[in-house]
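Chain by chain, the residues:
There are 2 protein chains.
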Amino acid sequence: MTTPEQLLQTLQTDIEQNTFGEHPVELYEPIRYIMSLGGKRLRPLMTLMAAALYTDEWQRALKPAQAVEVFHNFTLMHDDIMDRAPLRRGQPTVHEKWNSNIAILSGDVMLVRAYDLLLDVESDRIKRVLTRFNQTAAEVCEGQQLDMNFEKRWDVSEAEYLEMIRLKTSVLLGFALELGGIIGGADEEATQLLYEAGVSMGVGFQLKDDLLDVYGDPAKFGKQVGGDIIANKKTFLLIEALERAQGETRTELDKWLNKKEFDKEEKVKAVTDIYDSLDIRAFTEQKINDYFSRGFDCLERVPAEPARKAPLLGFASQLVEREQ
Amino acid sequence: MTTPEQLLQTLQTDIEQNTFGEHPVELYEPIRYIMSLGGKRLRPLMTLMAAALYTDEWQRALKPAQAVEVFHNFTLMHDDIMDRAPLRRGQPTVHEKWNSNIAILSGDVMLVRAYDLLLDVESDRIKRVLTRFNQTAAEVCEGQQLDMNFEKRWDVSEAEYLEMIRLKTSVLLGFALELGGIIGGADEEATQLLYEAGVSMGVGFQLKDDLLDVYGDPAKFGKQVGGDIIANKKTFLLIEALERAQGETRTELDKWLNKKEFDKEEKVKAVTDIYDSLDIRAFTEQKINDYFSRGFDCLERVPAEPARKAPLLGFASQLVEREQ
Chain A
32 MTTPEQLLQT
42 LQTDIEQNTF
52 GEHPVELYEP
62 IRYIMSLGGK
72 RLRPLMTLMA
82 AALYTDEWQR
92 ALKPAQAVEV
102 FHNFTLMHDD
112 IMDRAPLRRG
122 QPTVHEKWNS
132 NIAILSGDVM
142 LVRAYDLLLD
152 VESDRIKRVL
162 TRFNQTAAEV
172 CEGQQLDMNF
182 EKRWDVSEAE
192 YLEMIRLKTS
202 VLLGFALELG
212 GIIGGADEEA
222 TQLLYEAGVS
232 MGVGFQLKDD
242 LLDVYGDPAK
252 FGKQVGGDII
262 ANKKTFLLIE
272 ALERAQGETR
282 TELDKWLNKK
292 EFDKEEKVKA
302 VTDIYDSLDI
312 RAFTEQKIND
322 YFSRGFDCLE
332 RVPAEPARKA
342 PLLGFASQLV
352 EREQ
Chain B
32 MTTPEQLLQT
42 LQTDIEQNTF
52 GEHPVELYEP
62 IRYIMSLGGK
72 RLRPLMTLMA
82 AALYTDEWQR
92 ALKPAQAVEV
102 FHNFTLMHDD
112 IMDRAPLRRG
122 QPTVHEKWNS
132 NIAILSGDVM
142 LVRAYDLLLD
152 VESDRIKRVL
162 TRFNQTAAEV
172 CEGQQLDMNF
182 EKRWDVSEAE
192 YLEMIRLKTS
202 VLLGFALELG
212 GIIGGADEEA
222 TQLLYEAGVS
232 MGVGFQLKDD
242 LLDVYGDPAK
252 FGKQVGGDII
262 ANKKTFLLIE
272 ALERAQGETR
282 TELDKWLNKK
292 EFDKEEKVKA
302 VTDIYDSLDI
312 RAFTEQKIND
322 YFSRGFDCLE
332 RVPAEPARKA
342 PLLGFASQLV
352 EREQ
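Those sequence lines, one after another, are chains A and B.
Take any residue in the first sequence, count from 1 to its spot, add 31: that is its number in the numbering used here.
Take any residue in the second sequence, count from 1 to its spot, add 31: that is its number in the numbering used here.
Hints in this document: simulated from the structure, not taken from any laboratory.
Don't take every hint at face value.
A pair counts as met if it fits within one copy or between any two copies, since identical chains are not told apart.
[To be verified] Cut-off 20 Å, straight-line C-alpha distance, at most; resulting in silico cross-link-like pairs (EDC-like, lysine to aspartate or glutamate): (1) Lys158 - Asp147; (2) Lys291 - Glu354; (3) Lys183 - Glu57.
Fair warning: this is a prediction, and the values are worked out from it, not measured in the lab.
Take the sequences, apply the hints, and build the full model.
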């Protein structure tokens, strides 16, 4: 049985060998750059693991798996322009290192290259794969637009937020698993379960991201703890707090949200105290568990040999337990 | 036989009925907006006419033809951001009417929707169509990047310029014809000839655009005559002039190119005089004729019934003779 580490190693080599194109260099160098910044490669790994549920020839899924990672990085490249983000994985973003025009156009070519990589599936499966990918890709864009819309609103409901992260983050994780299943030869029921597993785990994953920003262990968490609080980012925790806080607590929360100048540590501590007083941590942890449980439940029901399923279940457990 | 006017009418209705998506409205309204601005619909019309060379069921090509138009408008939406263009077809550009973020993201979804529309071909042709489309789409981006690179250079050669417009403009016209041929059931030789015809006509078409900007009849030309001269746009005429001008003529040309403040009419007249003195007009007209002749030659050699070919040849003649 191929281990997840071996899958990842093969995938990395495959990504490193892709030049994406040559001329003009301004168009392709940023693609190689953002793809070289790394990241956990969760999505393509999920595709390979799902394919390995049904076939020993998981290598057949390498190019389509890479397509998912290229698409994901395309969205990062364009999102970073829209969010005016200076850094991505600790390095300058493409629009900072080059400029916005290059980030727009390189991103466009990345999306085309993702489609190129996706074509590397058996001919009779291309239409199914592309139909599902197109829906996923449009939904990811819809999620990003909702996220931008939410920046201007203070009355985003929990349900709206969950729908936004389902679109922006989770459907791609769902598609990553489904794609592997399709390539491996899984039937409709199995690919549907894989998709639902990925979506549920994806929502749990994003909520965990929100939680770790506030309650993560600074020694283990990769980013600055409290970064979302400092930036007034509308996370699940803040939306929940805005729904719950009343009277003095609400006044105090609004005060910190409206302050233009503040001591960062002080704001992080004050808002965290408000979250604590409203029991936001336990509630968020419960939500995360609910989504991960739903995801695991789907994975359990996926029809495949138990021995083949073990690595995927182990991988899912790591997602649940991650502290960074 | 269906006339080009009937093809266009059916196509227009089909485009008007496409909502592209519903929610969030910020994402899809700009797509409906740019698609409603009109334009000549040259590309999808070429697809339909090429399909009609081989089948009476040209309706089968409607969605793929629309894909080409959606892709073309996607490139316009993103190019307009990069060029900071305020107007498109006399109306505010998407990034002006909304903002750059919306123009980036709506454009991204447009590209996805183009792929959706392209999937509406017979299953056993999807891989061929998408492989060719992906190459074309990447080349169009390469052309746009070269165009931006050329803005910063004064030593662009004629060959470099011709290659840039081949990529940025012409390959999509080639693909539009080729796509119709594939859908109609044409063989490899025929689709190759259709592609080459479209590319050659496309280069001629763009060179004519450059020519009309200077020598067009103000009463017939849609835009301000001399607009490219005022903006120092590196057209075929300017590049040719920069290659030819020597001594006093070169000094005079450089003077106008470097002037920050000037009377627009005066500059247009002065630079046009320089073009005249260097015989640029006749040379450009010769080039245009060369490319159109090459295109016609390919069309003549396309194996199809003469009666079916007549409308396409007539359409091509209109492209040659257009004055706006």
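The hints, checked one at a time:
| no. | hint | in the structure |
| --- | --- | --- |
| 1 | Lys158 - Asp147 | both (13 Å within a copy, 10 Å between copies) |
| 2 | Lys291 - Glu354 | neither (31 Å within a copy, 58 Å between copies) |
| 3 | Lys183 - Glu57 | between (34 Å within a copy, 14 Å between copies) |
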